[in-house]
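Order-wise, the sequence lines are chains A and B.
Each residue of the first sequence is one higher than the one before, starting from 34 at the first, in the numbering used here.
Each residue of the second sequence is one higher than the one before, starting from 353 at the first, in the numbering used here.
Hints in this document: simulated from the structure, not taken from any laboratory.
Don't take every hint at face value.
[What the hints assert, rightly or not] Below are the SDA-like pairs computed for lysine to any residue, each with C-alpha atoms no more than 25 Å apart in a straight line: (1) A/K75 to B/D415; (2) A/K70 to A/Q130; (3) A/K55 to A/P143; (4) A/K70 to B/L468.
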Amino acid sequence: GENVEQHPSTLSVQEGDSAVIKCTYSDSASNYFPWYKQELGKGPQLIIDIRSNVGEKKDQRIAVTLNKTAKHFSLHITETQPEDSAVYFCAASPGNQFYFGTGTSLTVIP
Amino acid sequence: GAGVSQTPSNKVTEKGKYVELRCDPISGHTALYWYRQSLGQGPEFLIYFQGTGAADDSGLPNDRFFAVRPEGSVSTLKIQRTERGDSAVYLCASSLRGRGNTGELFFGEGSRLTVL
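Okay, chain A solo, but in the shape it has when bound (with noise of 0.2 Å):
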C-alpha cells in the first residue's frame, strides 16, 4: 500500500516568516494530495489540495507544489500568523483511498 513520511513533526517559525512541510510518497498510482490542518480537539479540516496533473496551486497565503517524479509534495506558508499555528497533515490518495502522514505540529510565535 501507500507509505506517506512528514518531515518535520515539529516547526517553530516567527510570525511574519514562511513555513515549509515536506512529504513523500510511494505509490506511483497517488493522484490527489490533500493537506489537513487539525487544530486541538478538532477535526482535520481542508485547506489546500493538488492532482498530480498540476504543479503548483496557490491560495492566498497557502500553496503546494508536487514533483511527481520524485514523488513527493510540500505545502508553503507565507507571512504566518499565530492563528496558523496547528498541527498539518499531508495525505496522497490513489484512488477512494487516504493514506496520511505522520503530521507536523506548527508554532507560530508572536
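Dock chain B against chain A, hints included.
Relative to chain A, chain B alone:
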C-alpha cells in the same frame, strides 16, 4: 450545522467491555470513512463505505472491530472486548464522490475512547 457529527465525543470504558461509536455524515455524501488517531500520529485508515457496503475494510486491526452502515447514511463502529490499546480518537469522515468532485474528506470532531 450540516457537518459530520460524531457521538459520543468522549467515552471511558473498562477493559473487556463493548463500545459503539456513531457517525452521522453530511447529507448526500455517499462515501464514509473511519480512521483511528493515536496521540501524535496521523489518522490511520480503518474502513471505507460506499453507500451501504464496506468497499474496503482492510484497515480493521482484528475481528473485534466491526462497522455497519445499514441505510447508507449513519454508520456505527463497534468494538468488542475492548483493550487498553484501543484507546485513541476515532475519526469519521464523509465525501461526495462522483464525476467531477474533488473527493474532499470532511471530518467530524472525533470520539475519544479511553479504555481503563
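Structure-based check of all given hints:
A C-alpha spacing of about 29 Å is found between A/K75 and B/D415, which places the hinted pair above 25 Å, so the restraint is violated. Pair hint A/K70 plus A/Q130 holds up; C-alpha atoms about 19 Å apart against a cutoff of 25 Å. Taking the CA atoms of A/K55 and A/P143, the gap is near 24 Å; set against the 25 Å cutoff, the hint holds. For the hint linking A/K70 to B/L468, the alpha-carbon distance of about 30 Å lies beyond 25 Å, and the restraint is violated.
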